[in-house]
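4 protein chains.
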Amino acid sequence: MGIKIVTIGGGSSYTPELVEGIIKRYDELPVKELWLVDIEAGKEKLAIVGNLAKRMVKKAGIPMTIHLTLNRREALIGADFVTTQMRVGLLDARAIDERIPLKHNVIGQETNGPGGLFKGLRTIPVILDIAKDMEELCPNAWLINFTNPAGMVTEAVLRYSNIQKVVGLCNVPIGMRMGVAKLLDTTPDRVHIDFAGLNHMVFGLNVYVDGDKVTDKVIANLCDPSSGITMKNIVDLGWEKEFIKALGVLPCPYHRYYYQTETMLEEEKKAATTVGTRAEVVKKLEQDLFELYKDPELAIKPPQLEKRGGAYYSDAACNLINSIYNDKKDIQPVNVRNNGAIASIPDDSAVEVNCIITKEGPLPISVGDLPVSVRGLVQQIKSFERVAAEAAVTGDYHKGLLAMTINPLVPSDRKAKMIYDEMLEAHKEHLPQFFRE
Amino acid sequence: MGIKIVTIGGGSSYTPELVEGIIKRYDELPVKELWLVDIEAGKEKLAIVGNLAKRMVKKAGIPMTIHLTLNRREALIGADFVTTQMRVGLLDARAIDERIPLKHNVIGQETNGPGGLFKGLRTIPVILDIAKDMEELCPNAWLINFTNPAGMVTEAVLRYSNIQKVVGLCNVPIGMRMGVAKLLDTTPDRVHIDFAGLNHMVFGLNVYVDGDKVTDKVIANLCDPSSGITMKNIVDLGWEKEFIKALGVLPCPYHRYYYQTETMLEEEKKAATTVGTRAEVVKKLEQDLFELYKDPELAIKPPQLEKRGGAYYSDAACNLINSIYNDKKDIQPVNVRNNGAIASIPDDSAVEVNCIITKEGPLPISVGDLPVSVRGLVQQIKSFERVAAEAAVTGDYHKGLLAMTINPLVPSDRKAKMIYDEMLEAHKEHLPQFFRE
Amino acid sequence: MGIKIVTIGGGSSYTPELVEGIIKRYDELPVKELWLVDIEAGKEKLAIVGNLAKRMVKKAGIPMTIHLTLNRREALIGADFVTTQMRVGLLDARAIDERIPLKHNVIGQETNGPGGLFKGLRTIPVILDIAKDMEELCPNAWLINFTNPAGMVTEAVLRYSNIQKVVGLCNVPIGMRMGVAKLLDTTPDRVHIDFAGLNHMVFGLNVYVDGDKVTDKVIANLCDPSSGITMKNIVDLGWEKEFIKALGVLPCPYHRYYYQTETMLEEEKKAATTVGTRAEVVKKLEQDLFELYKDPELAIKPPQLEKRGGAYYSDAACNLINSIYNDKKDIQPVNVRNNGAIASIPDDSAVEVNCIITKEGPLPISVGDLPVSVRGLVQQIKSFERVAAEAAVTGDYHKGLLAMTINPLVPSDRKAKMIYDEMLEAHKEHLPQFFRE
Amino acid sequence: MGIKIVTIGGGSSYTPELVEGIIKRYDELPVKELWLVDIEAGKEKLAIVGNLAKRMVKKAGIPMTIHLTLNRREALIGADFVTTQMRVGLLDARAIDERIPLKHNVIGQETNGPGGLFKGLRTIPVILDIAKDMEELCPNAWLINFTNPAGMVTEAVLRYSNIQKVVGLCNVPIGMRMGVAKLLDTTPDRVHIDFAGLNHMVFGLNVYVDGDKVTDKVIANLCDPSSGITMKNIVDLGWEKEFIKALGVLPCPYHRYYYQTETMLEEEKKAATTVGTRAEVVKKLEQDLFELYKDPELAIKPPQLEKRGGAYYSDAACNLINSIYNDKKDIQPVNVRNNGAIASIPDDSAVEVNCIITKEGPLPISVGDLPVSVRGLVQQIKSFERVAAEAAVTGDYHKGLLAMTINPLVPSDRKAKMIYDEMLEAHKEHLPQFFRE
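Chains as they are written, first to last, in full-length UniProt numbering: chain A, 1 to 437; chain B, 1 to 437; chain C, 1 to 437; chain D, 1 to 437.
Just chain A, with the same shape it has in the complex:
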């Protein structure tokens, strides 16, 4: 038979990693068709990436066909897995998400604060459209979402679509695992972390090497900026040593926005006036990557791709697909319906937590409750995500404003309204639900 995978946003610069991931697992994960879907605006990139993908497959000598299309519905028919990696409004929209808040002295970031809210408002309706198509065209397929903000998107799919076979994926946990391995001078496969929390708000409750707890040792070494536990897109300022010791669990890189708000804001402002915001930096990186991809001699994933922030995302997706397909019952940290795994999060909300990956999907491992010290922040972000998802679906002006104001990175109701109104206007084209008569 063979597996059919459909990748929405197939023209993304990450696609070569996905193709590589499929190729190297071919023996146990026999993908017969890979459909790369994009929109008119991404046509050119799709062609470039698609051709590279074809060369990669040819070189690997596996019987998988690559299909390039702008017709999403055609692609979805009979799919087994649908992965999404698109960016509504492209990098220009992301730059707006970063610049407008900064102008108001507020963190401007892709998945956190005002930027995260607006990325959600733009993305969720598109994902729900895809879910609706899937319901009709490939009702048994799994939706593997790695479009950000992945937590909010998973929450929205769980609450507002008829699709329950959805998994949100992130490269943060993998990055933390690799960082810990580097820190302890060991290999990632020997490291295990008890992940629990939300997307980009996940904690490592305990860290193990070969099954033995090394949490305290890792925490003691975490404050060194050279620890390795960071992300390409996040400035690493190190942590206040005594605070991390007091916290007692491993934060993720995005926690800097919450525990170091002021300092991160200063760094962002500095960058914005020098190298540019992250979107602006990435835009340049992307151009370089696509130049590389055009090379007709290139038939592998170029090593330069790993410098991009999203490294390991696609590999994580392949791993997940493989474990579902083969009922591996291994442990992977993914975004799923909580189902009681974390006590103080509602059962029907999305959480990021270690799961057993089975043919029927991920089953979360019970965490009990998060430590009291981190529980409040996690719950606050979950409140924000739920209000934001509702705003995205309804296009209700007040729900959106509410989400903006209760976000912990936004310092006052008045400023919230100012930023909100300005961003709403700036993103008007991609927010039709807010501008219906």
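Check the hints yourself; a few may be wrong.
As the list makes no split between identical chains, a pair holds if one copy fits it or if it spans any two.
Claimed, not checked - Distance condition first, Cα-Cα at most 27 Å in a straight line; then the derived DSS-like pairs of lysine-lysine:
| hint | residue 1 | residue 2 |
| --- | --- | --- |
| 1 | K24 | K328 |
| 2 | K417 | K245 |
| 3 | K428 | K245 |
| 4 | K270 | K32 |
| 5 | K213 | K269 |
| 6 | K329 | K359 |
| 7 | K270 | K103 |
| 8 | K245 | K359 |
| 9 | K328 | K359 |
| 10 | K103 | K269 |
| 11 | K32 | K329 |
| 12 | K58 | K24 |
| 13 | K417 | K269 |
| 14 | K182 | K241 |
| 15 | K59 | K399 |
To be clear, the hints were calculated from the coordinates, so they are not data collected in a lab. If you're wondering where the values come from, they're calculated on a predicted model, not measured in any experiment.
Position chains B, C and D relative to chain A; hints supplied.
Frame of chain A, contents of chains B, C and D only:
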């Protein structure tokens, strides 16, 4: 028989309100003895206030005796109700709580942020000492606490003492009720509010006049700074109209610190360089009050007392004591063990919620869950309060630092440590638990 | 304006109590119209009772009109309160509910075991029809249900209708309160009981006289069959003294079916061969009552009515309506959405628990959790009620069989099927949902 | 280094299976010492079994030493794993547990009903003693309990000891898995079952072959007594076909006592008057086994052992120990602290549920909630277990009586007291906690 009430911090300027409250309820609440207890440093004030109290009682012609003492244990023997209204470190400590954070560009406030944390660290051990004495000397007495931060103190007594008969009391709900009455041009007794949340973090989920819902009407009128729903000690900047509409519930005045952080900080900084911080203002008010109290002709509560921020506190206490004593089964908003009333707060944590007041104590009315939009903030403050209470009890340096850093008003881990270390040193005298060998 | 009350099953023998209850509260509860609705089969009884009601009103001299009708929809228009007190299939159906199980050596009872299940299966669709009519014709009205099995019916309305303004009412708590008063030789108004559990499965967690706990004293006296805490329709065999002491809470009379199953079965079998089952006894009582009601000189509720098992039901209904109408905020034990009041029952299930009665309906008082010892049985009955309600709504053969088999009074899967099939056939006429093509 | 295992009740007839299990896993589970501990009364059996164990080890040629001792404390020093498989009062006590209830027309069974209660009352204090010794002598060891009633024992250790490293083990899930394999004509390793519930009250919520759901197919075939899903010690009467279909999940063999109470009782009574109760049958089987074990030529586990009800118990224990030791992270159904895995069971209660087995112990996989239809019965048994455990620890007469009366297999409060008093007297010797002055 008659009732014995013991008031710890009896030399407080609020005492005349308490005495007035007892006198006017004498028919149904026959208090036989009122013991006013204070410490050596408050000796003089105790004498002034105590004499005024005696004159008030004499004028009222009721058979109640007033006892003034510095010996707390003697006073507690056989008490029926113990009220606490003390201030560890007096107003000077409060001024430190306000000034140090402000210096670091952080809200400096009595019960919120760094100031609230340190007030808790100083107060909780003293309250737990009182609880221990009560266990021995008046095991059946009720502890009616209106010492701030009342939520954190109630949490600490519930978790770390053997006393379960404790109620935390606050004048914020009464103030909101009176404000709504003023706003709607009606009388407070016709207004009912569904209160739920935490101390100084309480929301009015619905507002009624004569049992009919008027929530939307109240919210629509709330944004006017002259609405009347504010506190003496909180600058009223009005609310962003669309945000309040979006929120859909009635915030309390202290919510300004969280939803208008930046603006409140600016106001505080301005005040600090002009009229002085709130402690400094109050210090002057208190001196004036005590001058008044000295007047041997004065035999009533002087009307000037109502200008003080804590108005209605003592009246609320009398009301509560009366309802317990007489098993009134009326509804009052107080701080008690949650016991499932608010779904997403642990059962064994303190909440501020409408309760039926019975002879066996307050029984919370089930709220279900708070609206998603406010749930996160409430949970974050609850996390903070629990970590703070643990720090107060253990004197653990890291727990205190953790509480400081996770407080939503503190903008970074580094600044948290700076403020924490500075305040710890400044309050050294009143924080022996942190300086044990 | 005046209040409009509609009573479905208006031809019931209980109606005079309802009319009396309205008359005596007229000053604060100005009912302008009372509509008594019945079906064709109850036409004659409706006329008899309706005429008595008119005589009662006339004698009382209040300006309330009595309307008799077989047209339910006409009656419902603009109603403020709708009370339901009907019996689908009349007493003949109840006799079947009692006789068939008994034949198989299983408890045959109106609201428990197989009989309770079938009464629910017959009644729920009719109540849901009424709810649908109310949604259309009197959307603001309260549905005050005292049709049995009241817990299952309330559960069904909450889950399967669009009406949320529903309260289930029972006379068991009133009976327990009066029984305790008699036991302690005091008056019912001085007695307060903390009620919690389910309908006909409610416990008195604590008992108070004038606010003081007397639980142990009551329990110590409970084992005497002459204690007075029983129901007209339940044989009182006394309790095993040491068991009641061990239980530590006040059971309700219906608990005998669960804690004394074997003995109750023997008593039922004996009665069935001598005086007849309860339905058969009641049939005779009813005939006598209606003979009395016919007397054109009678213009009051005849005292003989109190001998009927349902005494106080209608008075409880009037009390409830009065407290809702006048926003009394008093405490009454009723069946409502749990909303977290009892920890181990789902929030959205019906429970019987002390509530504050407000204009917006009853607000449950938080119980925390039931004692471990009774929690299991309560949960088992709740499971049964939920499966039964689902069966009633869907007409699914297997769901009904499942409900029958998991009922704790049914001793085996095979016997369950036998009784179920036999009762399904016997009640065919009143169970159209199970016999659709 | 090597592992040290201590087996309390080492003289049990099951020990050869344990020894075999260790031998065959030696490569990955290098056990250096196996200590078989027993009491004076089991001295002779210990010698017989111990010698067989030594011959088995010798034949296998592995460097493991077998130690036989009556000194438990000496054995525990430095243990890594402690397994318990004892029977307080031996088979004679079990026969009493079976005979007395039967005399009163009540199910007499080892782990259910009155028998289960008394086995718990006798066993729990001994297990808690062992836990106390472990705390002192081998604080890092795991207690692997397969002494029945394993659920109640695990509950008691979790609540009343300082040992948290405890896992309760049962062969029921393995038996169900093997039965399903047989039913579907496949091998057990291809079958996976989602187990959830309590010990001897566990359900298979879903059944998979190679990751694909086959639940409905299994259920459809379950009603055939030859299905293979039963236990040696439980009469298999088949299930009522329509009931099982309605139930929709796989019951365990012990569920027959609850869903077929009446029929099982009849079977038990018949057996008691012919072949004898299960204890009496087993006694004979044991004698035969020990005769076999004496054979100095025997150096393997004799195949006859598999006819004994507890087959696979010891193999399950070896599997569990192996997975803990090697941090295998495989899935095994065991009894552990719920920790939120099953929504309606308290977090701190023991449940039997699929877990990931890690070096730090089993981590339960989140189940969400049990189907409504089975939830009530499970909760009722959990209530019973908790009251029983409290009775076992306190020796409180009334708690024990309460446990007996609320057990769903006991038909009335009076009969409960009769059986309870009679069993208390009969087991006096092994229940010192109930007979203290």
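Now the hints, each set against the structure:
no. : hint           : result
1   : K24 with K328  : both (17 Å within a copy, 25 Å between copies)
2   : K417 with K245 : between (37 Å within a copy, 12 Å between copies)
3   : K428 with K245 : between (45 Å within a copy, 23 Å between copies)
4   : K270 with K32  : neither (48 Å within a copy, 63 Å between copies)
5   : K213 with K269 : neither (39 Å within a copy, 47 Å between copies)
6   : K329 with K359 : both (8 Å within a copy, 17 Å between copies)
7   : K270 with K103 : both (12 Å within a copy, 24 Å between copies)
8   : K245 with K359 : between (39 Å within a copy, 25 Å between copies)
9   : K328 with K359 : both (8 Å within a copy, 20 Å between copies)
10  : K103 with K269 : both (9 Å within a copy, 23 Å between copies)
11  : K32 with K329  : within (24 Å within a copy, 32 Å between copies)
12  : K58 with K24   : within (13 Å within a copy, 47 Å between copies)
13  : K417 with K269 : both (21 Å within a copy, 24 Å between copies)
14  : K182 with K241 : within (19 Å within a copy, 51 Å between copies)
15  : K59 with K399  : neither (51 Å within a copy, 58 Å between copies)
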